[in-house]
Structure formats: structure tokens, C-alpha cells
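Numbering-wise, my numbering comes out as the position in the sequence shown, counting from 1, plus 1.
Source of the hints: derived by calculation from the structure; they are not laboratory data. Just so it is clear, CB atoms sit at the ideal spot from N, CA and C, and this is done for glycine as well. Check the hints yourself; a few may be wrong.
Claimed, not checked - Label-pair restraints from in silico Cβ distances:
(1) N174 <-> L250: 35 to 45 Å
(2) G277 <-> E129: 47 to 57 Å
(3) C225 <-> I45: 44 to 54 Å
(4) P281 <-> F97: 31 to 41 Å
(5) G160 <-> F52: 18 to 28 Å
(6) L320 <-> F52: 18 to 28 Å
(7) S316 <-> P281: 39 to 49 Å
(8) S100 <-> F230: 44 to 54 Å
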Amino acid sequence: MRIGRKEVKVNLLVWILLAILAGVGCGYIFPVWAGRVFMTFNAIFGQFLGFLIPLIIVGFVVPAISEVGRKAGKILLLTAAIAYIFTSLSGFYSFFFGSWVFPDIVGTRPASAGSMGTHDLLPYFTVEMPPLMSVMTALVLSFLLGLCMAYLKTDTLRGFAMEFRDCVTLTINRVIIPLLPIYIFGIFLNMTVAGEVGRVLRSFAAVIGIIFGMSLVLLLFQFCIAGLFSRHNPLKLLWRMLPAYFTALGTQSSAATIPVTLRQTVSLGVSKDIAGFVVPLCATIHMSGSALKIVACALTIMIMEGLPYDPGMFSGFILMLGISIVAAPGVPGGAIMASLGLLASMLGFGQTEQALMIALYITMDSFGTACNVTGDGSIAIIVDHFFGRR
2 MRIGRKEVKV
12 NLLVWILLAI
22 LAGVGCGYIF
32 PVWAGRVFMT
42 FNAIFGQFLG
52 FLIPLIIVGF
62 VVPAISEVGR
72 KAGKILLLTA
82 AIAYIFTSLS
92 GFYSFFFGSW
102 VFPDIVGTRP
112 ASAGSMGTHD
122 LLPYFTVEMP
132 PLMSVMTALV
142 LSFLLGLCMA
152 YLKTDTLRGF
162 AMEFRDCVTL
172 TINRVIIPLL
182 PIYIFGIFLN
192 MTVAGEVGRV
202 LRSFAAVIGI
212 IFGMSLVLLL
222 FQFCIAGLFS
232 RHNPLKLLWR
242 MLPAYFTALG
252 TQSSAATIPV
262 TLRQTVSLGV
272 SKDIAGFVVP
282 LCATIHMSGS
292 ALKIVACALT
302 IMIMEGLPYD
312 PGMFSGFILM
322 LGISIVAAPG
332 VPGGAIMASL
342 GLLASMLGFG
352 QTEQALMIAL
362 YITMDSFGTA
372 CNVTGDGSIA
382 IIVDHFFGRR
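With the sequences and hints as input, model every part of the structure.
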């Protein structure tokens, strides 16, 4: 997850962790009536989140496609193509490696335990909020509007799309993010009452370290590809990008890391013109680390809950994910928020699984950001090979 305001991100991570701990603790002491109060909140909040998901997709994807079309050029198209390929490959790598490793370390729900929900606390009531459109309809509409805006170059429609994106961003910043810790508190409160929380937390702890290691292998792969074009040692190239990696770990922000990423990319031998174009652009469209985390987290939860999965299911999810999370980095939790619709429509995630995704993703937030910005240097090397001044 990439955002430009460090304080929001840090506070969100702290609040999520506190919400998990509080939910576990209160699950042992809360009376049933108090637990049902939070389940009522979760039921209403979940309905609102489901209503908002198609609007998030339209709000993020339409302006992104429009901007790429308006700036169409060989350098931009090559950069966007490499960023998408890297993002998709990271998702496939995450799936196949995770399918091999995770089943042995993630605790699967025993068949005798039934499905989550057998001992759930029930809400007092809920409010139905059907979404205006399905997730797939939102994606198709986004492509149609974005391409038309790029082709027609209409400022009126583009202005509306930008303002609608601002409305969606404001809703996430002022409503979803502040209420998210309460929602996750309720989820873990319910899991504690149902006797599931120990297994869930053990699974989370087991995969976090593995996902971190996977991100390092991904970076080595990207710089090996870059090394083939630049004919330099990939380990030395990656070593030079470490200041950007550690800056991103500390700031948890792609925007705040751009000056360091730019400086280190130039030190790799990339021309200043190419680096000045590719690095800021990739800070928005290159999401390899985020895709790796989302796929790994989704696979973990599906294994943990005993949900069926196969390569065909995840292939479609990964290819769509590389598009849906473009332009989401500017919002706190943007990447995971933009992926919720795909998680529901393509992987069958319900409200509980989506909440677990958010919690697990945010606890590893800085890993993805650091992987994203460091990999931007490898893309700049490849682009410079074709368009750099010789």
C-alpha cells in the first residue's frame, strides 16, 4: 500500500494491531449482548463497503486509463507494459510458490469444525445496501469510459471523473479508514467467541516472514532481468537501490521515497531524463510488491478457511488485479480496497475473509511499498536501454 501521508499510514497500522488485540481480549469477557452490538455495526458497515466497492473501481480505474491514453507515447507505453508484466508475474510467482509452501504451514480448518459462522454472534439487525452495479460491470464501464475519454479528449467528462475520484477518496479517508479498526475489532471478537482466533493468528504469524522473503526473491529476479539489458551485475544494481528500499520501509510512502529512488536510479547509469519520467510514473502504476502480498494473503486465507482454489481461478484474478490497483496507491489502503471487489467476485470472499485480508495486508504494509519502489529502478534500466541517450 502506497500513500503520501506517513502519519495516516502509521496510525492505521497501530490501530489495526490494537483492534486485533482488543478483539481477542474482549472476546473472552464481553457478554453476548455487547458482542451483538458490534456485530450489528459490522453488518451495516459490511453492507456499506459492498455498496462502495464498484464505485471505488470506477473512481480509480477511469482516470487512470484516461491519463495513460492522453500521454500515449512509446516511452510511456513501454513503461506501462513492463510495469504490468512485472506486477502480473509477481502475482503468479506468489500463487505457485504459496500453493507449494503454505498448505504445510497454514492451519486448515478441521472438517469437524464446520464453517466459520457456526457459533457466530448475530447482529440485532442490518440495513440492506445493494450496490449500483456488479464488480465486472464496474470494470467494463471503467474501461469504456476511460478509453472514450482518452480518445475524445473531452475535458468535461474528464473533469467529472477526477472529481468523482476525489469523492471516492474522501469517503475512504473520512469514513472507511476511521471505522476500519472497529470493523476488524468486531471480526476478531467474533472469531474469539467462535474459538477460531488462535488458529487464525498462528497462520498469520507463519506466513508474514515467508512473504517478506518472497519479496526479496522477486526483487532479485527483476534486477536479473534488468542486468541482462544493462550488462551489469544484478546484485550490484540491487545493492545500489537499497537506500530507496530502506527509505520506503521507514516512510511507508512511495511519494516520500521518490527523491531517493530517483537519485539511486540515476546512480545505476540511467539517464536523468528517463529516470525523471519513469520513477514518478512507476510510483503509481508499478505494484509488484502489492500484488505479491495480495495474492499471498488471499491464498493463505483460502487455505486457512478450506476454500477451493485452482490456477485458473487465480490467473483471472491476477490479470485483473494488475489493472484494478493502478492509481490506488494515493489512498490509505488503496491497493487492498481496490482489490476487495475482485476478491469477492472472483475468489468468493465474504465479509469475514475480506476483513482478514485487510488486517493481514496492512500488518505487512511497508514490505510491499519497499518492494514496489525498489523494483522501479529495474524498470528504468530496461526503458533506458531502448530510449536512453547513447
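Each hint, compared with the structure:
1. N174 <-> L250: 35 to 45 Å: violated, 23 Å
2. G277 <-> E129: 47 to 57 Å: holds, 50 Å
3. C225 <-> I45: 44 to 54 Å: holds, 49 Å
4. P281 <-> F97: 31 to 41 Å: holds, 32 Å
5. G160 <-> F52: 18 to 28 Å: Holds, at about 25 Å.
6. L320 <-> F52: 18 to 28 Å: holds, 26 Å
7. S316 <-> P281: 39 to 49 Å: With Cβ atoms ~31 Å apart, the hint is violated.
8. S100 <-> F230: 44 to 54 Å: For S100 and F230 the Cβ distance comes to about 31 Å; the hint is violated.
Against the hints set out earlier in the document, violations occur for numbers 1, 7 and 8.
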